[in-house]
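Chains A and B supply the protein sequences, listed in that same order.
For the first sequence, the numbering used here begins at 1 and goes up steadily by one.
For the second sequence, the numbering used here begins at 1 and goes up steadily by one.
You may find that some hints are simply not true.
Now the stretches of chain A that chain B is said to cover, found in silico as 3 or more residues with beta-carbon under 8 Å [what the hints assert, rightly or not]: (1) 216-224; (2) 417-428; (3) 476-489.
None of these hints come from the bench; they were simulated from the model.
Idealized CB from N, CA, C, for every residue including glycine.
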Amino acid sequence: MSSEPILSLAKLCHERKMRNKASYPNHGHNRSNVSIRIISVLVLVAWGAGLLASMSPAVALPIAEARHLLARTGFGLSRPDEIMALAEMSRDQAVDHLLRGLRSTPVTEPPDWVGDAMPARKVRKTWSKARKKAFNKTNRERWRLLQQWWAGEMLATPSPLTERLVLFWHNHFTTSFDGVKWIPYLYGQNDVFRRHAAGSFRDLLMAMVADPAMLFYLDGRRNRAKKPNENFARELLELFTMGEGKGYTERDIREAARALSGWSVDPATSKAVFRAKQHDRGQKEFLGQRGAFGAPQVVDVILDHDRPAQYMAETFYDAFIGGRRHAPTVNAAAKAFRQTDYSIHTLLRTLLVSPAFWDPETYGMQIKSPVDMVIGLARFTHWQGTTKVLVNRMNTMGQRLFRPPNVKGWPGGATWITTTSLASRNGFVYAMTRSWAAAARSGMGGINTMAANAVTAEMRALVTEPHRTPAETKAIVLAVPPVRDLAYEKLSPASYLTALFRDPAFQMK
Amino acid sequence: MQLTRRGILKTAMAAPLVFVPQVAVGATWRRHLVLVELNGGNDGLNTVVPYRDPLYRQMRSKLALPTDQVLSLDERLGLHPALERLMPLWIDRQMAIALGVGYPQPNLSHFRSIDIWETATMTETSGEDGWLVRLFKESRPPATLPAEGLVLGRNDPGPLAGENARVIALKKLTSLRKRQRKNLKPAAGSTNPLLDHVVVVQNRMDLAERWLVEKNLQDVSLAGTFPPHDFGRQMETAARFIAGGSAVPVIKCALGGFDTHAGQMGRHRRLLTQLAEGLSSFARAMKGVGMWDDVLVMTYAEFGRRPRENASSGTDHGTAAPQLILGGRVRGGFYGEQPPLDRLEGQNLVYRLDFRAIYATVARRWWGLDGKFLGPRTLPLIT
Chain A
1 MSSEPILSLA KLCHERKMRN KASYPNHGHN RSNVSIRIIS VLVLVAWGAG LLASMSPAVA
61 LPIAEARHLL ARTGFGLSRP DEIMALAEMS RDQAVDHLLR GLRSTPVTEP PDWVGDAMPA
121 RKVRKTWSKA RKKAFNKTNR ERWRLLQQWW AGEMLATPSP LTERLVLFWH NHFTTSFDGV
181 KWIPYLYGQN DVFRRHAAGS FRDLLMAMVA DPAMLFYLDG RRNRAKKPNE NFARELLELF
241 TMGEGKGYTE RDIREAARAL SGWSVDPATS KAVFRAKQHD RGQKEFLGQR GAFGAPQVVD
301 VILDHDRPAQ YMAETFYDAF IGGRRHAPTV NAAAKAFRQT DYSIHTLLRT LLVSPAFWDP
361 ETYGMQIKSP VDMVIGLARF THWQGTTKVL VNRMNTMGQR LFRPPNVKGW PGGATWITTT
421 SLASRNGFVY AMTRSWAAAA RSGMGGINTM AANAVTAEMR ALVTEPHRTP AETKAIVLAV
481 PPVRDLAYEK LSPASYLTAL FRDPAFQMK
Chain B
1 MQLTRRGILK TAMAAPLVFV PQVAVGATWR RHLVLVELNG GNDGLNTVVP YRDPLYRQMR
61 SKLALPTDQV LSLDERLGLH PALERLMPLW IDRQMAIALG VGYPQPNLSH FRSIDIWETA
121 TMTETSGEDG WLVRLFKESR PPATLPAEGL VLGRNDPGPL AGENARVIAL KKLTSLRKRQ
181 RKNLKPAAGS TNPLLDHVVV VQNRMDLAER WLVEKNLQDV SLAGTFPPHD FGRQMETAAR
241 FIAGGSAVPV IKCALGGFDT HAGQMGRHRR LLTQLAEGLS SFARAMKGVG MWDDVLVMTY
301 AEFGRRPREN ASSGTDHGTA APQLILGGRV RGGFYGEQPP LDRLEGQNLV YRLDFRAIYA
361 TVARRWWGLD GKFLGPRTLP LIT
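Extracted from the complex, chain A is given alone in its bound form:
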């Protein structure tokens, strides 16, 4: 969209005027004048059409598109002010705006114990039964506190995309309280995810090979030259980089385990440490390459392979676009990812600006995760209550942060919705919207809590702003039309809004 067409348009108009003036006395007889006029109109129309076509992404972002982008890069639901903030941008501009907002550090203060070193095994062995019990209890308590801290960060962050990515990586390079009892390790990994959220996948992968939480969770710290433990090596290939059974063999797993041997966690510093004595220094044959590989070479050899780019492009596609994969889009993203030596930023951007992402057919094609359900609604209503309440709700809906069901993470999709989880999701939406209904009944603001007032203000903005139609309200709240038959005319504005939130369509993003 250079300024040239506009200049030439002005020139064209000017010339036309001059000619018209010049030919005025005998117009209608001057053939050349008529043909020039026809040509100029044609040029104008052609140029205008071209301009429209090339400009269409540059015109204001419709509510539905802004909602879609924010829902998929955030927590499934966004406030009207967040949606309106993108209104003047093109699609690409909106995507870049979100990417520019990415953070590498949290905005909230983590608990003060996240830097504590784990008591050494030698020390723990001397403890009494009661002391050990107290230790376990503290760890359980800290796990809950860490969940609450993260939920608070998701609420407070100006960049939901950052936390969305951290959650993505938590679900990819899974670790869990079920294998990592020392909670500072879980925090440490979460911090690494934020620092590398959209950075280099190569760096992130290397960081995971030497991550204390990971070394505990998949037994890497027990992997020694004499008796290799292949737990981490297997998942490194199966879940983290290649995809199950794709391009590697059981033998590659064993060889990778040998190459990765020797990494452990130093209890004195709580950092990963390489113990050369425990490392198998022999020759390995891994993914078709030979050498006396160690951990860095394992990462390099894996990333020399074609699979990881493809696999990660597929994984990102599923997470951010969903539905049936559009192969050319996946392939283009994989190619861009590989060409930029595994820049996550490039991978994500390529997908977010792709026509597949913006296709209205993808609206509402994903089921919100429990984190989406809870954080989305809590952000929407300017939640003022404790984060403990929110975390408890996520847990009962089936997503316990820092405690995914297994190394594969939460399977998501249709599995989010069971009779148990849907009941607790519905319960949450009912609880969150109950105060609105009450507020509406008592004439707005009758409820004397900050949360209810904020909600009421938001609700008023949503349904009573003179320029906002019911259709716009619907476009802000829902990704797809409601399943229930909601006749706006028969409901009060407040009831209509509440009904939108309680519709099964609200489960979708």
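Use these hints to put chain B onto chain A, whose structure you have.
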């Protein structure tokens, strides 16, 4: 057919004590299959122990169970001592142990292998329906039943996963609530399968709740108490459903934590204790209401574990493992063969009994269905 009649008779006798049947259900669907998934891959060699085999001790210097602690089943094999509560069922010949259960070209991935077990499909086609869903395609449990399957543990329908399977997952009986709501209609010509899924689950929930609330399952009285752990509660809920006459053909429970790569000894003992407590309480409750003959309990896991222990006093992913099958109509004893420790393949046991033979037995001898896809072989497991 005589068996079926006996089934009807038993149910009819038991029924007036607890409830008045409201819907007539075909006799075969009065038979319940209770699946117990040992999630993570149970260590078969320390469950049914080849305690006389010197190789066993040689391969497991830290994890081998002392001979005098093993509960002897015969001169070669014995149970882990934590399974003591199951011994009365073994002695009464109401517990069968299928040995060396597995499948050809074993896959050592948790996820792929459990898919194989739960779909009974070897070929790599993701999204295959669960084997019970495939089986029920042949003859659908009647629509008058509240559901075809009930998932109590782990929230994963496993063998009941499939497009049209009517499955309900429950955490607690108290989560059932009395509500009246009209069924939702999915949008006409919808192209959003996940939204359709939400609508279907919502409808199923409303329907099942209406149905089950009328049953007052919490008030069903059961003989004895259940252990207070999660698995115990699952077995108690299963018992209430069956005793309360809810006639859900399949109930899936799960006990997790079997992926014992490190420090196996204590954890495995705890898990097997929980397993034995849950199963024995369930058997007692079923006998108490005269319905032990109407249930078949079967354990399964994605794989067993490697014979040789690792350096972390744990065991890595393995292959073939034993499976427990319990019930009033079970013909107790061993099936299959214990895979020898001196004939390993890639450090792992070689399976001796294809798990599909057990499934085929359930299909044909338990429900009278065909289940051709499960292969021709059946076992004389069920009287």
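* Asked: Of the numbered hints stated previously, which ones are contradicted by the structure, given in increasing order?
  -> none
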